[in-house]
Amino acid sequence: MTTHQSKALLDGNQANQAEAVQKILVVDDSDVILRLVKHALEREGYDVWTAVSGEEALRMVEKHGVPHLAIVDINMPPGMDGFELCRRLHTFCDVPIIMLSAEQEEATVAQGLDRYAEDYIVKPDDGPLRIVELTSRVGRVLRRMGTFGYALSPTINVDARLQVSFAKRHIFVHGREISLTPTETKILYVLMRHAGRTVATDFLLQRVWPL
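Take the position in the sequence shown, starting the count at 1, then add 352; the result is the number in my numbering.
Calculated directly from the structure, the hints in this document are not laboratory data.
Among the hints, erroneous ones may be present.
Mimicking SDA-like on lysine to any residue, the simulated pairs with C-alpha atoms at most 25 angstroms apart in a straight line are [what the hints assert, rightly or not]:
1) K520 to L410
2) K375 to T402
3) K375 to M432
Kindly produce the complete structure, drawing on both the sequences and the hints.
Spelled out as structure tokens, the structure:
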């Protein structure tokens with residue numbers, strides 16, 4: 353990467369204004385849960401996308417861009433489960449994830465938190481979902497992760513020279529397409545999320561290789 357391209361990343365807030373409304377992707381095979389969570393988050397001012405499967409979620413990310421946060425169920429038959437969706441998302445970005453699942457086995461919760469998620473919320477076996485707690489945790493995770501300094505679109509315009517597509521894992525430099533490896537793409541995502549700020553080596557390693 354040239355000096356000019358590195359400076360473009362560091363000065364990202366000048367090249368692109370962060371979006372005023374944060375985007376949240378909710379993935380669950382229950383239409384009831386999707387409607388409930390979508391309504392609650394929209395009341396808090398978020399732009400909410402919903403998907404009933406991991407496959408649909410990946411298509412939405414490719415079409416609309418990476419969200420600021422994803423809320424993901426684990427068991428979504430008959431397709432890929434939530435862990436596989438998280439793994440695929442993390443091959444090209446470091447989107448913060450909250451797992452929302454009826455699974456409460458200690459090993460399952462630990463796997464989610466250790467490998468994929470910033471938080472884990474257990475759906476109650478009986479009784480309503482605790483919406484106030486959910487929205488509070490969403491806000492806490494977003495505050496902790498910080499504001500993404502660029503408008504999150506399918507192709508992000510860093511400046512006139514550099515454009516980035518995370519879902520497709522490529523960049524355009526002066527109009528020339530360059531493919532990136534999953535690791536390169538994720539490193540670039542972390543650096544762009546912290547544009548204008550110093551990124552410590554230990555922090556970068558922890559975000560790209562959490563284990």
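The hints, checked one at a time:
no. : hint         : in the structure
1   : K520 to L410 : holds, 11 angstroms
2   : K375 to T402 : holds, 11 angstroms
3   : K375 to M432 : holds, 23 angstroms
Checked against the numbered hints given earlier, this structure breaks none of them.
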